[in-house]
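K.L.:
Mind docking chain B on chain A? Use the hints.
Letter by letter, the chains look like this.
Protein chains: 2
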Amino acid sequence: MYRDHTCGELRISDVGKKVTLAGWVQKARKLGGMTFIDLRDRYGITQLVVEADAPEELVTKANSLGREFVIQAVGTVVERSSKNPKMPTGDIEIKLEAINILNESLTPPFTIEDVSDGGDDLRLKYRYLDLRRGPLQKALQLRHRICHEVRNYLDSNNFLEIETPFLINSTPEGARDFVVPSRMNPGTFYALPQSPQTLKQSLMVAGMDRYFQIVKCFRDEDLRADRQPEFTQIDCEMSFVEQEDVLNMFEGMMRTLFKNVLDVTIPNPIPRMSWFDGMDKYGSDKPDIRFGMTIHEVTSLAQGHGFGVFDSVPYVGAIAVEGAAGWSRKQVDELTEWVKRPQVGAKGLVNIKLNEDGTVKSSVDKFFTPEDLKAIAEAAGAKTGDLVLILCGEKRKTQVQLGTLRIELGNRLGLRDPKVFAPLWLTDFPLFEWNEEENKWDALHHPFTAPKPEHLEYFYSDRPEDILKVCANAYDFVLNGCELGGGSIRIHNPKVQERMFQIIGIGPEEMQRKFGFLINAFKYGAPPHGGLAFGLDRVCALFGGADTIRDYIAFPKNNQGRDIMLGAPSIIDAKQLDELHLDLRPVE
Amino acid sequence: MYRDHTCGELRISDVGKKVTLAGWVQKARKLGGMTFIDLRDRYGITQLVVEADAPEELVTKANSLGREFVIQAVGTVVERSSKNPKMPTGDIEIKLEAINILNESLTPPFTIEDVSDGGDDLRLKYRYLDLRRGPLQKALQLRHRICHEVRNYLDSNNFLEIETPFLINSTPEGARDFVVPSRMNPGTFYALPQSPQTLKQSLMVAGMDRYFQIVKCFRDEDLRADRQPEFTQIDCEMSFVEQEDVLNMFEGMMRTLFKNVLDVTIPNPIPRMSWFDGMDKYGSDKPDIRFGMTIHEVTSLAQGHGFGVFDSVPYVGAIAVEGAAGWSRKQVDELTEWVKRPQVGAKGLVNIKLNEDGTVKSSVDKFFTPEDLKAIAEAAGAKTGDLVLILCGEKRKTQVQLGTLRIELGNRLGLRDPKVFAPLWLTDFPLFEWNEEENKWDALHHPFTAPKPEHLEYFYSDRPEDILKVCANAYDFVLNGCELGGGSIRIHNPKVQERMFQIIGIGPEEMQRKFGFLINAFKYGAPPHGGLAFGLDRVCALFGGADTIRDYIAFPKNNQGRDIMLGAPSIIDAKQLDELHLDLRPVE
Numbered sequence: 001m002y003r004d005h006t007c008g009e010l011r012i013s014d015v016g017k018k019v020t021l022a023g024w025v026q027k028a029r030k031l032g033g034m035t036f037i038d039l040r041d042r043y044g045i046t047q048l049v050v051e052a053d054a055p056e057e058l059v060t061k062a063n064s065l066g067r068e069f070v071i072q073a074v075g076t077v078v079e080r081s082s083k084n085p086k087m088p089t090g091d092i093e094i095k096l097e098a099i100n101i102l103n104e105s106l107t108p109p110f111t112i113e114d115v116s117d118g119g120d121d122l123r124l125k126y127r128y129l130d131l132r133r134g135p136l137q138k139a140l141q142l143r144h145r146i147c148h149e150v151r152n153y154l155d156s157n158n159f160l161e162i163e164t165p166f167l168i169n170s171t172p173e174g175a176r177d178f179v180v181p182s183r184m185n186p187g188t189f190y191a192l193p194q195s196p197q198t199l200k201q202s203l204m205v206a207g208m209d210r211y212f213q214i215v216k217c218f219r220d221e222d223l224r225a226d227r228q229p230e231f232t233q234i235d236c237e238m239s240f241v242e243q244e245d246v247l248n249m250f251e252g253m254m255r256t257l258f259k260n261v262l263d264v265t266i267p268n269p270i271p272r273m274s275w276f277d278g279m280d281k282y283g284s285d286k287p288d289i290r291f292g293m294t295i296h297e298v299t300s301l302a303q304g305h306g307f308g309v310f311d312s313v314p315y316v317g318a319i320a321v322e323g324a325a326g327w328s329r330k331q332v333d334e335l336t337e338w339v340k341r342p343q344v345g346a347k348g349l350v351n352i353k354l355n356e357d358g359t360v361k362s363s364v365d366k367f368f369t370p371e372d373l374k375a376i377a378e379a380a381g382a383k384t385g386d387l388v389l390i391l392c393g394e395k396r397k398t399q400v401q402l403g404t405l406r407i408e409l410g411n412r413l414g415l416r417d418p419k420v421f422a423p424l425w426l427t428d429f430p431l432f433e434w435n436e437e438e439n440k441w442d443a444l445h446h447p448f449t450a451p452k453p454e455h456l457e458y459f460y461s462d463r464p465e466d467i468l469k470v471c472a473n474a475y476d477f478v479l480n481g482c483e484l485g486g487g488s489i490r491i492h493n494p495k496v497q498e499r500m501f502q503i504i505g506i507g508p509e510e511m512q513r514k515f516g517f518l519i520n521a522f523k524y525g526a527p528p529h530g531g532l533a534f535g536l537d538r539v540c541a542l543f544g545g546a547d548t549i550r551d552y553i554a555f556p557k558n559n560q561g562r563d564i565m566l567g568a569p570s571i572i573d574a575k576q577l578d579e580l581h582l583d584l585r586p587v588e
Numbered sequence: 001m002y003r004d005h006t007c008g009e010l011r012i013s014d015v016g017k018k019v020t021l022a023g024w025v026q027k028a029r030k031l032g033g034m035t036f037i038d039l040r041d042r043y044g045i046t047q048l049v050v051e052a053d054a055p056e057e058l059v060t061k062a063n064s065l066g067r068e069f070v071i072q073a074v075g076t077v078v079e080r081s082s083k084n085p086k087m088p089t090g091d092i093e094i095k096l097e098a099i100n101i102l103n104e105s106l107t108p109p110f111t112i113e114d115v116s117d118g119g120d121d122l123r124l125k126y127r128y129l130d131l132r133r134g135p136l137q138k139a140l141q142l143r144h145r146i147c148h149e150v151r152n153y154l155d156s157n158n159f160l161e162i163e164t165p166f167l168i169n170s171t172p173e174g175a176r177d178f179v180v181p182s183r184m185n186p187g188t189f190y191a192l193p194q195s196p197q198t199l200k201q202s203l204m205v206a207g208m209d210r211y212f213q214i215v216k217c218f219r220d221e222d223l224r225a226d227r228q229p230e231f232t233q234i235d236c237e238m239s240f241v242e243q244e245d246v247l248n249m250f251e252g253m254m255r256t257l258f259k260n261v262l263d264v265t266i267p268n269p270i271p272r273m274s275w276f277d278g279m280d281k282y283g284s285d286k287p288d289i290r291f292g293m294t295i296h297e298v299t300s301l302a303q304g305h306g307f308g309v310f311d312s313v314p315y316v317g318a319i320a321v322e323g324a325a326g327w328s329r330k331q332v333d334e335l336t337e338w339v340k341r342p343q344v345g346a347k348g349l350v351n352i353k354l355n356e357d358g359t360v361k362s363s364v365d366k367f368f369t370p371e372d373l374k375a376i377a378e379a380a381g382a383k384t385g386d387l388v389l390i391l392c393g394e395k396r397k398t399q400v401q402l403g404t405l406r407i408e409l410g411n412r413l414g415l416r417d418p419k420v421f422a423p424l425w426l427t428d429f430p431l432f433e434w435n436e437e438e439n440k441w442d443a444l445h446h447p448f449t450a451p452k453p454e455h456l457e458y459f460y461s462d463r464p465e466d467i468l469k470v471c472a473n474a475y476d477f478v479l480n481g482c483e484l485g486g487g488s489i490r491i492h493n494p495k496v497q498e499r500m501f502q503i504i505g506i507g508p509e510e511m512q513r514k515f516g517f518l519i520n521a522f523k524y525g526a527p528p529h530g531g532l533a534f535g536l537d538r539v540c541a542l543f544g545g546a547d548t549i550r551d552y553i554a555f556p557k558n559n560q561g562r563d564i565m566l567g568a569p570s571i572i573d574a575k576q577l578d579e580l581h582l583d584l585r586p587v588e
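Residue numbers (my numbering), protein chains in the order written: chain A, 1 to 588; chain B, 1 to 588.
Hints listed in this document are in silico derivations from the structure and should not be mistaken for laboratory results. None of the hints are false.
Which copy is meant is left open, so a pair is good if it fits within one copy or across any two.
Taking lysine-lysine and the PhoX-like style, the derived pairs with C-alpha atoms no more than 25 Å apart in a straight line are:
#: 1; residue 1: LYS514; residue 2: LYS575
#: 2; residue 1: LYS575; residue 2: LYS440
#: 3; residue 1: LYS495; residue 2: LYS61
#: 4; residue 1: LYS30; residue 2: LYS95
#: 5; residue 1: LYS330; residue 2: LYS361
#: 6; residue 1: LYS523; residue 2: LYS27
#: 7; residue 1: LYS395; residue 2: LYS347
If we strip away everything but chain A, and leave its shape as in the complex, we get (with noise of 0.2 Å):
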């Protein structure tokens, strides 16, 4: 071992002993003949000094250690003359007597420090020295942390840990696989699990009982931000459960890493809203319920004043704004214009003011009495000082608007404070959704999603408007305004599931073909089941107050889905192409 303490421990109660320490040099000063050195390592820093009068081969040595040096130092723990209450290290510091250089550094391209000067592109080719830094330490620190809880809660609970194989086929989850052509199989791929759905099933009928996995998924998409080819799913599975069974089960493991990784105690229980209320009352599937500002109806005190606008569409919608009444015309125009850009599609904003004074002032006057508007205003759940925000048209694009809307003006109000968790389950989702582009029935979640039992008369209905009544046993695992976790009751019963397939437009060969063995394994005694799955990533981001999911992995890729550290992906052999059986195409 080349120390005997680490860089985080030494306090004022171990002045006196003999140390030795290794780490990398943080910074190295000369003050009035002495040298100040801060080393440092995964548990802290610790100040090293070498006095003026120390041996000349030592100072020297002390002396030419640059940045990022790699050493091993020798000394005894003494108490600081000027102590570091901002250190836990603060109070000691040690008087070396030899140190030991393990290894240079070159000059690092960028600063070592919890806020650096370097680009993204640049810190993700020097990922090794990027992860240096304090933040990236305690991000991966705390994804360590909340893994480690999440098992031992779920082992506590009697479910196993089960792999599942990453070389498996296509599966059905909408978006592209990433395949893998198989040199033993000429002419055939295997694909990457997108999310190991079928496989836990296949788990439940095998009488697991109770599984989990905290496991990598893929999916070949168009990468947007924040969104990597490679992601983690604590995913979960358990049999002879209800919907409230694996509501409880996972509120208790959110509860306890809450608490035992941040120490903050989340509401109990976890408030819950149908995806209907989401939708109604904050235009949103994963609404942020740590500010009010909610969404109201008001089409019928909107309509009929001769105001075409209002009286052309379905639907009517307002937020209010508390105390800003008295925002000028600039910043309202300025938000006309936010609501009007492509990504949110807006065709306009109206307002209406109360103001402080008791007067009230809109950019529709001409067509409503003053009464009208605080009529709107107060079914908005304004009062005296607020400013209401009105968007009208389709109701859930004119609800998700407003949601887009309201979030924004969270952000800007300073709303959404990340240091506070708002947790929520979402519940009771349509079962379908109608895909316009393709003229048919999509499952809002995935094809093995229960309906509620008391759905299925509309289930086994032909009419499109039956379908559409149909709810899940689905519920999400939102926390402020992400979805942090999804899942399901699953389809146990195989007559279920073929209505299921037939609704959804997958033939009998098709689903034969892909998920054959699933509904094969269903005329086998498959036993009632649901689960879950919470996406690691983002629990970190959240966990750590980030915006991002970058820093709580250790090699993110960038945008274009490469790995700029390791120049993946890259040119194969020819070789390689010839024992796969495969030819490039040339590209354009």
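P.N.:
Structure of chain B alone, referenced to chain A:
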């Protein structure tokens, strides 16, 4: 919840309780008007009974149950009149009041019993049924327990579990990579990791200090028996350590595993043997030390007696089989044929029998006096009543043949009890081996293994005889003749690393292309570091006392690399090939 108790937990102290169980019908049988049902879940089997005087509807339902039906059963715990001491629940049974059939089952294609009547392929196709069998349920539970104990041990020793990416670039581990075509970067490929070797070393450069990961690795090799294209490693790395630190840390891990999982105490310390001793005494780099029968060189005693076969070779070696002097001519002839099989490759087998009556008998009587033969036999460790078996030829090759023969005899003589555990560290490996075919030096482990500091002079020598002398700070964990894990102290000095690549013939360009990032990383302050990896599948199999890893993997591939249940690999759509810019070559 469909149950309030599992099928494994009710005891005599629960008598009188009203309970609800759920599970699979293991069997149902009528006996004198009563119906007995064995209800099974992951936790055990509980006997249900429907009395002769139960309501007719209940009796009818009980009699309609087929094997593997999934039912919910409600009843009262009663004491059994004829108890079954073999079952933990054998003191009680459930007097049923209601049965709810949750799912029916077709008749399974093989019996769901500890020993099944199904063939390998059939059981792989219906893996979800095979996994219901007791031994496989236990195997996956054991695997979970081992992983959980590993994680607890490493967590308590400050290791962080850090996920490394699966979509990387080609690595140098010698075996063939599975590759993944990149759609976003046409003409290029990711590779699936054969091990996270370079990544975990990057994490050490990154200052993560102690890393581990239980992680899937991939090798596209022609499958030998009991090899899988995807397999799992317990992958570990530590900074600021020497070999002794690594051995102590993982000796502790294995001791904890044996104790907590099997309640077995292994030797403290675990014995150590040099690679040279392993070869000389056991003809193996993974000696099974559960039994003796070690190899002894008898070259000098065997030569110079006019027996040309011995006189013309550099090495003669012998093992003594205890109490086997009485073996028949036929038995010995069969052994001779056995060693001449191409898998062993010996030219012939010489024997000496030290008969109980004091006489000596040998297949080479005419060249040796009885005294000569006795001297050889004694040198081989034989005593009266033993059989000495002798092979000769090139030294290492002959030792390996003798080692193979030794293991075979150990099997035949029942000396290899799977319930006896004899761990061993094998150390002091040569750093290089000569590759006859390609006329070049290979790294015996991998090219990141550090030479012993005291051998650096040989390491920088250009003379082949010096290169051969270089030993590595490398070590294997061997259990019962299996290599369960191995690792080394790594090179952290960029100059040493470059010399390493120079010796094994990886030029600067190939080095830069394949390992450039790591070579580069070493220039920015790499700490001294080392680690190792255990093969989890094999650890589980040995802990379970099994010969094959397959039962310890939930969904294994067959020997053609196929997942028979999933039907993977399979053909993919032309559209997918288009997107990947790939063409299939016609297969001749």
